[in-house]
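S.K.: Sequence:
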Amino acid sequence: MAKRGPKVTGVSYRLDLTPGVFMESLVKVADNSGATLARVIGVVRYKPVWRRIPGASVGDMVVVSIRAGKPELRKQVMRAVVIRQRRPYRRADGTWIAFEDNAVVIMTPEGEPKGTEIRGPLAKEAAERWPSLAPLATIIV
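So the sequence shown is numbered by the working numbering: it starts at 1 and just counts up by one.
The reader is advised that the hints may include incorrect statements.
[Stated by the list, open to error] DSS-like mimics (lysine-lysine), calculated; alpha carbons at most 27 Å apart, straight line:
hint: 1; residue 1: K75; residue 2: K124
hint: 2; residue 1: K28; residue 2: K75
hint: 3; residue 1: K28; residue 2: K70
hint: 4; residue 1: K28; residue 2: K47
hint: 5; residue 1: K47; residue 2: K124
hint: 6; residue 1: K70; residue 2: K114
hint: 7; residue 1: K28; residue 2: K124
hint: 8; residue 1: K124; residue 2: K114
hint: 9; residue 1: K70; residue 2: K47
hint: 10; residue 1: K28; residue 2: K114
Rather than coming from a laboratory, the hints here were simulated on the basis of the structure. Keep in mind that this is a model prediction, so the values were computed, not measured.
The task is simple: from the sequences and hints, build the whole structure.
M.R.: What follows is the structure in C-alpha coordinates.
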(Lines of atoms letter the chains of each structure in order from A and count residues from 1; the text may use other names and numbers.)
(Lines give C-alpha, C1' and ligand atoms only; values in the text may rest on other atoms or scores of the structure.)
Protein backbone atom coordinates (compact mmCIF):
# COMPACT_ATOMS: atom_id res chain seq x y z
CA MET A 1 0.00 0.00 0.00
CA ALA A 2 1.38 3.39 -0.95
CA LYS A 3 2.09 6.07 1.61
CA ARG A 4 -0.16 9.08 1.47
CA GLY A 5 1.17 12.61 1.69
CA PRO A 6 4.58 13.93 2.61
CA LYS A 7 6.44 12.66 5.64
CA VAL A 8 6.09 15.12 8.52
CA THR A 9 9.21 15.62 10.60
CA GLY A 10 9.72 17.59 13.76
CA VAL A 11 10.48 17.40 17.43
CA SER A 12 7.92 15.59 19.52
CA TYR A 13 6.84 17.17 22.79
CA ARG A 14 8.24 14.22 24.77
CA LEU A 15 11.69 12.73 24.65
CA ASP A 16 11.94 8.97 24.92
CA LEU A 17 13.80 8.81 28.21
CA THR A 18 14.01 5.81 30.49
CA PRO A 19 11.27 6.13 33.10
CA GLY A 20 12.60 6.37 36.63
CA VAL A 21 9.65 7.57 38.73
CA PHE A 22 6.65 5.25 38.92
CA MET A 23 3.24 5.33 40.55
CA GLU A 24 3.37 5.14 44.36
CA SER A 25 6.96 6.45 44.38
CA LEU A 26 7.90 8.82 47.19
CA VAL A 27 9.76 11.81 45.77
CA LYS A 28 11.44 14.84 47.29
CA VAL A 29 9.90 18.24 46.58
CA ALA A 30 12.79 20.46 45.48
CA ASP A 31 11.17 23.90 45.67
CA ASN A 32 10.19 26.27 48.47
CA SER A 33 6.42 25.83 48.08
CA GLY A 34 6.12 24.37 51.60
CA ALA A 35 5.90 20.69 50.71
CA THR A 36 8.85 18.38 51.41
CA LEU A 37 7.69 14.90 50.39
CA ALA A 38 5.14 13.75 47.80
CA ARG A 39 3.76 10.48 46.47
CA VAL A 40 3.25 10.05 42.73
CA ILE A 41 -0.34 8.97 42.07
CA GLY A 42 -0.56 9.49 38.30
CA VAL A 43 1.27 10.45 35.13
CA VAL A 44 -0.25 13.13 32.90
CA ARG A 45 -0.68 12.23 29.18
CA TYR A 46 0.27 8.58 29.70
CA LYS A 47 -1.80 5.78 28.22
CA PRO A 48 -0.46 2.55 29.68
CA VAL A 49 -0.60 -0.98 28.43
CA TRP A 50 -2.94 -3.18 30.45
CA ARG A 51 -1.49 -3.91 33.93
CA ARG A 52 1.68 -1.89 33.31
CA ILE A 53 2.65 0.50 36.09
CA PRO A 54 2.79 4.05 34.67
CA GLY A 55 6.22 5.64 34.80
CA ALA A 56 7.55 9.14 34.26
CA SER A 57 10.96 10.47 33.36
CA VAL A 58 12.71 13.84 33.63
CA GLY A 59 10.50 16.61 32.26
CA ASP A 60 7.20 14.72 32.56
CA MET A 61 4.25 16.10 34.51
CA VAL A 62 2.88 13.87 37.26
CA VAL A 63 0.01 14.06 39.73
CA VAL A 64 1.22 13.96 43.34
CA SER A 65 -0.27 13.77 46.78
CA ILE A 66 1.63 15.85 49.34
CA ARG A 67 2.75 13.63 52.23
CA ALA A 68 4.90 15.96 54.35
CA GLY A 69 5.27 19.71 54.67
CA LYS A 70 3.12 22.59 55.85
CA PRO A 71 -0.19 21.46 57.37
CA GLU A 72 -2.28 23.39 54.83
CA LEU A 73 -0.54 21.58 51.95
CA ARG A 74 -0.63 18.05 53.35
CA LYS A 75 -3.13 15.64 51.75
CA GLN A 76 -3.55 17.98 48.76
CA VAL A 77 -3.49 16.58 45.22
CA MET A 78 -1.37 18.70 42.87
CA ARG A 79 0.56 18.51 39.66
CA ALA A 80 4.34 18.48 39.56
CA VAL A 81 7.20 18.17 37.06
CA VAL A 82 9.97 15.59 37.53
CA ILE A 83 13.32 17.43 37.55
CA ARG A 84 15.67 14.63 38.73
CA GLN A 85 15.63 10.84 38.65
CA ARG A 86 17.96 8.21 40.07
CA ARG A 87 17.67 5.81 37.20
CA PRO A 88 20.31 6.49 34.51
CA TYR A 89 19.06 7.76 31.17
CA ARG A 90 20.82 8.44 27.88
CA ARG A 91 21.05 11.87 26.32
CA ALA A 92 21.07 12.56 22.59
CA ASP A 93 24.83 13.18 22.61
CA GLY A 94 25.43 9.66 23.96
CA THR A 95 26.21 10.50 27.59
CA TRP A 96 24.44 8.79 30.46
CA ILE A 97 23.27 10.77 33.48
CA ALA A 98 21.77 9.87 36.85
CA PHE A 99 21.05 12.00 39.93
CA GLU A 100 21.26 11.28 43.66
CA ASP A 101 17.51 11.41 44.22
CA ASN A 102 14.10 11.61 42.60
CA ALA A 103 12.74 15.14 42.85
CA VAL A 104 9.77 17.14 41.60
CA VAL A 105 8.69 20.79 41.47
CA ILE A 106 5.08 21.62 42.37
CA MET A 107 3.18 23.44 39.62
CA THR A 108 0.02 25.55 39.65
CA PRO A 109 -2.99 24.55 37.49
CA GLU A 110 -1.87 27.19 34.94
CA GLY A 111 1.49 25.43 34.50
CA GLU A 112 3.66 27.87 36.46
CA PRO A 113 5.90 26.80 39.37
CA LYS A 114 4.39 27.31 42.83
CA GLY A 115 7.72 28.10 44.53
CA THR A 116 10.26 30.80 43.80
CA GLU A 117 13.48 28.76 43.91
CA ILE A 118 14.65 25.22 43.15
CA ARG A 119 17.03 23.49 45.53
CA GLY A 120 19.65 21.28 43.92
CA PRO A 121 20.39 20.71 40.25
CA LEU A 122 17.81 20.85 37.48
CA ALA A 123 18.06 18.46 34.53
CA LYS A 124 18.57 20.10 31.14
CA GLU A 125 15.67 18.14 29.65
CA ALA A 126 13.24 19.57 32.22
CA ALA A 127 14.55 23.12 31.68
CA GLU A 128 14.06 22.84 27.90
CA ARG A 129 10.55 21.46 28.19
CA TRP A 130 9.45 23.83 30.98
CA PRO A 131 11.18 27.22 30.36
CA SER A 132 9.61 28.75 33.48
CA LEU A 133 11.73 26.42 35.67
CA ALA A 134 15.12 27.51 34.29
CA PRO A 135 15.36 30.94 36.02
CA LEU A 136 14.51 29.40 39.41
CA ALA A 137 17.38 26.89 39.38
CA THR A 138 20.83 27.52 40.77
CA ILE A 139 22.44 24.95 38.47
CA ILE A 140 21.27 23.20 35.30
CA VAL A 141 22.98 19.88 34.56
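S.K.: It remains to establish, for every hint, whether it holds in the given structure.
M.R.: Here is how each hint holds up against the structure:
1. K75 x K124: 30 Å, violated
2. K28 x K75: 15 Å, holds
3. K28 x K70: 14 Å, holds
4. K28 x K47: Judged against 27 Å, a Cα distance of about 25 Å means the pair holds.
5. K47 x K124: 25 Å, holds
6. K70 x K114: This hinted pair holds, its Cα atoms lying about 14 Å apart.
7. K28 x K124: 18 Å, holds
8. K124 x K114: Satisfied, since the Cα-Cα distance of roughly 20 Å is no more than 27 Å.
9. K70 x K47: 33 Å, violated
10. K28 x K114: 15 Å, holds
Hints 1 and 9 from the earlier list are contradicted by this structure; the remaining hints agree with it.
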